[in-house]
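Asker: Given the coordinates of chain W, assemble chain Z onto it according to the supplied hints.
Protein chains: 2
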Amino acid sequence: MQETFDLKLYLAEQKREVEAALESAFPAPTGLQRSVIEAARYSLFAGGKRLRPILCLTAAAVVGGSSKALMPAACALEMIHTYSLIHDDLPAMDNDDYRRGQLTNHKVYGEAIAILAGDALLTEAFELMARTRDIPEQSPDRVLKAIRILVKAAGYRGMIGGQVIDLECENLETDMATVEYMHIHKTGALLSASLEIGALLGGGSPEQTSCLKRYGHHFGLAFQITDDLLDVEGDAAEMGKQPGSDVARNKKTYPALLGLARSKESAREHVEQALHQLAAFGRAAEPLRALARYLLIRRA
Amino acid sequence: MQETFDLKLYLAEQKREVEAALESAFPAPTGLQRSVIEAARYSLFAGGKRLRPILCLTAAAVVGGSSKALMPAACALEMIHTYSLIHDDLPAMDNDDYRRGQLTNHKVYGEAIAILAGDALLTEAFELMARTRDIPEQSPDRVLKAIRILVKAAGYRGMIGGQVIDLECENLETDMATVEYMHIHKTGALLSASLEIGALLGGGSPEQTSCLKRYGHHFGLAFQITDDLLDVEGDAAEMGKQPGSDVARNKKTYPALLGLARSKESAREHVEQALHQLAAFGRAAEPLRALARYLLIRRA
Numbered sequence: 103m104q105e106t107f108d109l110k111l112y113l114a115e116q117k118r119e120v121e122a123a124l125e126s127a128f129p130a131p132t133g134l135q136r137s138v139i140e141a142a143r144y145s146l147f148a149g150g151k152r153l154r155p156i157l158c159l160t161a162a163a164v165v166g167g168s169s170k171a172l173m174p175a176a177c178a179l180e181m182i183h184t185y186s187l188i189h190d191d192l193p194a195m196d197n198d199d200y201r202r203g204q205l206t207n208h209k210v211y212g213e214a215i216a217i218l219a220g221d222a223l224l225t226e227a228f229e230l231m232a233r234t235r236d237i238p239e240q241s242p243d244r245v246l247k248a249i250r251i252l253v254k255a256a257g258y259r260g261m262i263g264g265q266v267i268d269l270e271c272e273n274l275e276t277d278m279a280t281v282e283y284m285h286i287h288k289t290g291a292l293l294s295a296s297l298e299i300g301a302l303l304g305g306g307s308p309e310q311t312s313c314l315k316r317y318g319h320h321f322g323l324a325f326q327i328t329d330d331l332l333d334v335e336g337d338a339a340e341m342g343k344q345p346g347s348d349v350a351r352n353k354k355t356y357p358a359l360l361g362l363a364r365s366k367e368s369a370r371e372h373v374e375q376a377l378h379q380l381a382a383f384g385r386a387a388e389p390l391r392a393l394a395r396y397l398l399i400r401r402a
Numbered sequence: 103m104q105e106t107f108d109l110k111l112y113l114a115e116q117k118r119e120v121e122a123a124l125e126s127a128f129p130a131p132t133g134l135q136r137s138v139i140e141a142a143r144y145s146l147f148a149g150g151k152r153l154r155p156i157l158c159l160t161a162a163a164v165v166g167g168s169s170k171a172l173m174p175a176a177c178a179l180e181m182i183h184t185y186s187l188i189h190d191d192l193p194a195m196d197n198d199d200y201r202r203g204q205l206t207n208h209k210v211y212g213e214a215i216a217i218l219a220g221d222a223l224l225t226e227a228f229e230l231m232a233r234t235r236d237i238p239e240q241s242p243d244r245v246l247k248a249i250r251i252l253v254k255a256a257g258y259r260g261m262i263g264g265q266v267i268d269l270e271c272e273n274l275e276t277d278m279a280t281v282e283y284m285h286i287h288k289t290g291a292l293l294s295a296s297l298e299i300g301a302l303l304g305g306g307s308p309e310q311t312s313c314l315k316r317y318g319h320h321f322g323l324a325f326q327i328t329d330d331l332l333d334v335e336g337d338a339a340e341m342g343k344q345p346g347s348d349v350a351r352n353k354k355t356y357p358a359l360l361g362l363a364r365s366k367e368s369a370r371e372h373v374e375q376a377l378h379q380l381a382a383f384g385r386a387a388e389p390l391r392a393l394a395r396y397l398l399i400r401r402a
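Line order of the protein sequences matches chains W and Z.
In terms of this note's numbering, the numbers along the first sequence are unbroken and rise by one, the last being 402.
In terms of this note's numbering, the numbers along the second sequence are unbroken and rise by one, the last being 402.
Chain W on its own, in the form it takes in the complex (with noise of 0.2 Å):
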């Protein structure tokens, strides 16, 4: 018989172990140049749900890689994923006052530290990517191409370049085809990145890593889906902000774009096919397998 996976339970051990690493990899706050550091660790510890860190993990420990060991790539992703909040909470950008119920960093810190608290934590990524290298018998190229893929993910050929049609398209009449695209772009890079990076570091093969890959393409349009479904169908408590502020904005979302049924069915397809890349894994890839099921029932 079959035990059943605890995913609430492996969840919270890794953010745990996650947020231990995150403490000494950005550093107390001393010397001058303290408010910055002070700004960047208050959004750094603002009670993410350290989803990338933990995919790359995951994907490092399916592969039969030490996770333990990949956890300064863990945090650099998370690092990369606070500096793209702090950005976009900006007035020039989307203008919000809260996120997941707190003040956002510029409300507290002021823009021009806001500003570059997110250009430090975007540059100090690129530290402890480096630092991967440390890993015993790690290959300082495949640390290199690691890099790359982070660069390629979080740049202009990916996560930036992702924001830019979302702000582009607020006001136009836009397709599914072009919101799809934006979303790959915005959010879906990083995720998937985060899995591909966790797979080469750990030292996964090529088809191992490409899989994996695949499954965070699939896995981020259905956490996108199930986000905007959220907020149309969501419950302000638990998701630590209101519902329906999509909506409010104008934003291009899965419901309003395909209804709701046929938002649900595309959520519960991209699911498929994330499960379907984990096929030839064992055991180890159940982290994987119960957080896309998971994507089909989340409440926040």
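Treat the hints as calculated values from the structure; they're not laboratory data.
Treat the hints with care, since some could be wrong.
The list cannot tell twin chains apart, which means a pair is met if one copy fits it or any two copies do.
[Unchecked claim] Subject to a maximum C-alpha distance of 27 Å in a straight line, what follows is the list of computed DSS-like cross-link-like pairs (lysine-lysine):
| hint | residue 1 | residue 2 |
| --- | --- | --- |
| 1 | K366 | K151 |
| 2 | K353 | K247 |
| 3 | K170 | K209 |
| 4 | K254 | K110 |
| 5 | K254 | K353 |
| 6 | K110 | K353 |
| 7 | K209 | K353 |
| 8 | K170 | K117 |
| 9 | K170 | K366 |
| 10 | K170 | K247 |
| 11 | K170 | K254 |
| 12 | K209 | K110 |
| 13 | K151 | K353 |
| 14 | K110 | K170 |
| 15 | K151 | K110 |
| 16 | K366 | K247 |
| 17 | K209 | K247 |
| 18 | K353 | K117 |
Quick caveat: nothing in here was measured; it's all calculated off a predicted structure.
Answerer: Below, chain Z without anything else, positioned relative to chain W:
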């Protein structure tokens, strides 16, 4: 009899080569993301002196390395410098409408795109650093070391830290030591890293690399002092900006804190110390000697 070294010709030639490399390093704008690429290119080709790339390439040549092979690293340094100018000019920071006689990035593309263009340049700089691996016989570990040097110089431990100190000191009484500490971080760190990275990736010994890094430290301070002096004594047409703007903003400059005579003396001392670091190098260091001496007679 010693030939006279033609600095002006050398800088013009180097600048042309750097700009040709930047052309292909950052692609032509296409696709839905084109506005951010266009914005990044606008500032990348807004008439910079290309000082950091030239220092990097020259340091490589001084230690006998191929400066052509180091071009991606040189471009990375210019991209980091350019991103910092775009973000520094933002309304939330220095709020500048013009730079080098042209409209600043956000005045042309809006704040959101300017922030993202800066982020894109910063991110992509690490792709270019990683590409220096393609130099024949380059050690991937040396490339990773160079990446870590760049992070330290550009991040909160360097340039970003300096900008934070500059922002926070604007309305405070500040002593000379704090101002110098600010400059060492804000401009000195990246100048110094340009030489260090060039020497390291060019195959220099640790001693040679240290000397060139120290040259960069003194060059950077002399550069800053003479920059402050130009603001007092310079000519608007040659500088492409109004002199006196530092005084108007209550910026803590060397002349304001030390007086003109002692500022000039300090610049001369740093130039001498920079030259002293080059004592062990032969004719290949002539461009660096000429550059340091030039600071004492610069008009723009």
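Asker: Now, for every hint given, state plainly whether the structure supports it.
Answerer: Each hint, compared with the structure:
{"no.": "1", "hint": "K366 <-> K151", "verdict": "within (23 Å within a copy, 55 Å between copies)"}
{"no.": "2", "hint": "K353 <-> K247", "verdict": "neither (35 Å within a copy, 43 Å between copies)"}
{"no.": "3", "hint": "K170 <-> K209", "verdict": "neither (35 Å within a copy, 46 Å between copies)"}
{"no.": "4", "hint": "K254 <-> K110", "verdict": "neither (31 Å within a copy, 38 Å between copies)"}
{"no.": "5", "hint": "K254 <-> K353", "verdict": "within (25 Å within a copy, 39 Å between copies)"}
{"no.": "6", "hint": "K110 <-> K353", "verdict": "neither (31 Å within a copy, 54 Å between copies)"}
{"no.": "7", "hint": "K209 <-> K353", "verdict": "both (23 Å within a copy, 26 Å between copies)"}
{"no.": "8", "hint": "K170 <-> K117", "verdict": "within (13 Å within a copy, 46 Å between copies)"}
{"no.": "9", "hint": "K170 <-> K366", "verdict": "neither (36 Å within a copy, 54 Å between copies)"}
{"no.": "10", "hint": "K170 <-> K247", "verdict": "both (20 Å within a copy, 22 Å between copies)"}
{"no.": "11", "hint": "K170 <-> K254", "verdict": "both (25 Å within a copy, 25 Å between copies)"}
{"no.": "12", "hint": "K209 <-> K110", "verdict": "neither (32 Å within a copy, 48 Å between copies)"}
{"no.": "13", "hint": "K151 <-> K353", "verdict": "within (24 Å within a copy, 42 Å between copies)"}
{"no.": "14", "hint": "K110 <-> K170", "verdict": "within (20 Å within a copy, 54 Å between copies)"}
{"no.": "15", "hint": "K151 <-> K110", "verdict": "within (12 Å within a copy, 55 Å between copies)"}
{"no.": "16", "hint": "K366 <-> K247", "verdict": "neither (36 Å within a copy, 48 Å between copies)"}
{"no.": "17", "hint": "K209 <-> K247", "verdict": "neither (37 Å within a copy, 37 Å between copies)"}
{"no.": "18", "hint": "K353 <-> K117", "verdict": "neither (31 Å within a copy, 45 Å between copies)"}
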